[in-house]
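Colleague: Starting from the known structure of chain H, fit chain F onto it as the hints suggest.
Residue numbers (my numbering), protein chains in the order written: chain H, 1 to 146; chain F, 1 to 358.
If you're looking for bench data, these hints aren't it; they were derived computationally from the structure.
As the structure is a computational prediction, the values presented were derived from the model and not from experiment.
By construction, the Cβ of each residue, glycine as well, lies at the ideal position given by its N, Cα and C atoms.
Just to be clear, a hint being listed does not mean it is correct.
Stated by the list, open to error - Here chain H is said to cover these stretches of chain F; the calculated rule only asks that three of the stretch's residues, wherever they fall, bring their Cβ under 8 angstroms from a Cβ of chain H:
(1) 54-67
(2) 260-271
Unchecked claim - Which chain F residues face chain H? A few, computed with CB under 10 angstroms, are given here:
(3) V25
(4) Q85
(5) S92
(6) P200
(7) D202
(8) D247
(9) L358
The primary structure of each chain is shown beneath.
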Amino acid sequence: MIARRIIVLLLLLGALAEAWPAAQTLVLVVRRDSPVTDLDSVTVRKLFLGVPVLINGTPLRPIRNRSEPHLDEIFLQQIVAMSQPSYDRQILNGVNRQGWLAPSEAASVTRVAAELNANPNAVSFMWERDVAHNPNLRVLRVLWSD
Amino acid sequence: MRAPRLLILLLLCGSCAARGEAPQVQFLLLPSAEAVGTFARDALVTQPYDEVLRADMILSLQRGPFRLFTEYLLSDHEGDLERFQLGYQFSSDTVLWLGRFHQPTSVWNHDHHHGQYLQTSITRPAIEEWEDLGGILPQHFTGALLETSRPLASGWRLRMAGSGGLAPQLNPGGLEPFDLVHPDHHRRQLGYHARLSLHPGDLDESGFGVLLAREDLARIGPPAASILGLDHVQLSLYGVFASYVEDPWRLLAVLFHADARLFFDATPSRGDSFALGYTQAERRFGHDLTAFVRLEGTAQAADSRYLGLFPAYPRSRQLAGVRWDFAPRQAFTLQLTNSHTFTGHFADVRVQWSAALL
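Isolated chain H (complex conformation) (with noise of 0.2 angstroms):
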């Protein structure tokens, strides 16, 4: 009698976790072989901004993951700290004034991946659970979780 009782327990369980969404956390991705160790969170503003941030004196290339609209709320808030119509002031300031390059966008996780591999400079921030199946990439630091 108990011993079913736990059974139908560790079943209901089993159907909660399966009901419950999986916590989601954002990372920030490079290749793995990547020269790119570790940047602040200032850096990485700075570079999704356009600024260029040089490593080994050779700058890095940042790709915006527009994969998902939610991912485009988590970049404006959490990462460059601007609205849109802010965002898009600045990055077309630093091409008009000082000639620099604004982050290239990807449309799909597939894409972001894709230019991750074929750059080492490039940095760019995708879900945890994308970058788990991908031995090519390494993770740099955790930069949103819900």
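Modeller: Just chain F, lined up with the frame of chain H:
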């Protein structure tokens, strides 16, 4: 002779890029269309053109720490290579440029350059006007420009820029900068600039600073009767500026003291001093509307023989307008202006469409 040198430089740059990975490229197009109507006019000269179509094209290439940055302005009146800079990025905060650039003591032009979309008002302040549109201060130089910044205590940032290069000539039509595409062999002298400013944050647009410039402008061509025998002008500028940018406000004030010494072939040199400045306030409202006002003024202008070389210069000007950002990266602007030049007064109304394509 100089055109082939420019070509060689471009080829060197190209071969340098060809040796490794392809350079990263960024292109920005800033088109605009503008119409002006003048009224209440008793001045002899108002503005050079009543309708203008422009396409400002910016191209930036980067390979490792090497950079190439160009700006070409094409309009229904002209086509000019405005900036052509070869750069070396020493660090995230320091870059050295060689080529033709906008001198760093012009606060307005340093922020907006030629692109109309990125400035709220349609016109720029008269003291920041380009040379070929009646500008009284040299803006384009060909030489070296160093830009750097350093962190200070409490998160503040010190930004510095210094430059030196060939200064524009002074001819009967006004100032004429060195043209890289059509170089001339006339006599040119040098100019030097320094700009130091403090800002509360790394990328903060608010801040304040000092501006210093020393420029020698060689006279070329037949002189006007008022400056018979003029050889060159030595211009010294001492300026301060402050800006406050916090949504929904954007405020800017710039003030210069200028010493102009005119050197003649046969007679002793003569000096004069004047002060010039402007202040602009912008406020953003709902529905993507931005209102702006600007006051511009010059003190001791009537006594200045240097300013007398520019009869169309607006010694005082007041303007107000509204900008409507009706679509992403597109704006429509209406502006009313009241100007007083050395030869009289006029008012004008302007409308402009401007955009940015990245």
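Colleague: Determine for every hint whether it applies to the structure shown.
Modeller: Hint by hint, here is what the structure shows:
no.	hint	in the structure
1	54-67	holds (count 6)
2	260-271	violated (count 0)
3	V25	holds (8 angstroms)
4	Q85	holds (8 angstroms)
5	S92	holds (5 angstroms)
6	P200	violated (14 angstroms)
7	D202	holds (7 angstroms)
8	D247	holds (8 angstroms)
9	L358	holds (6 angstroms)
This entry does not satisfy hints 2, 6, going by the numbered hints stated previously.
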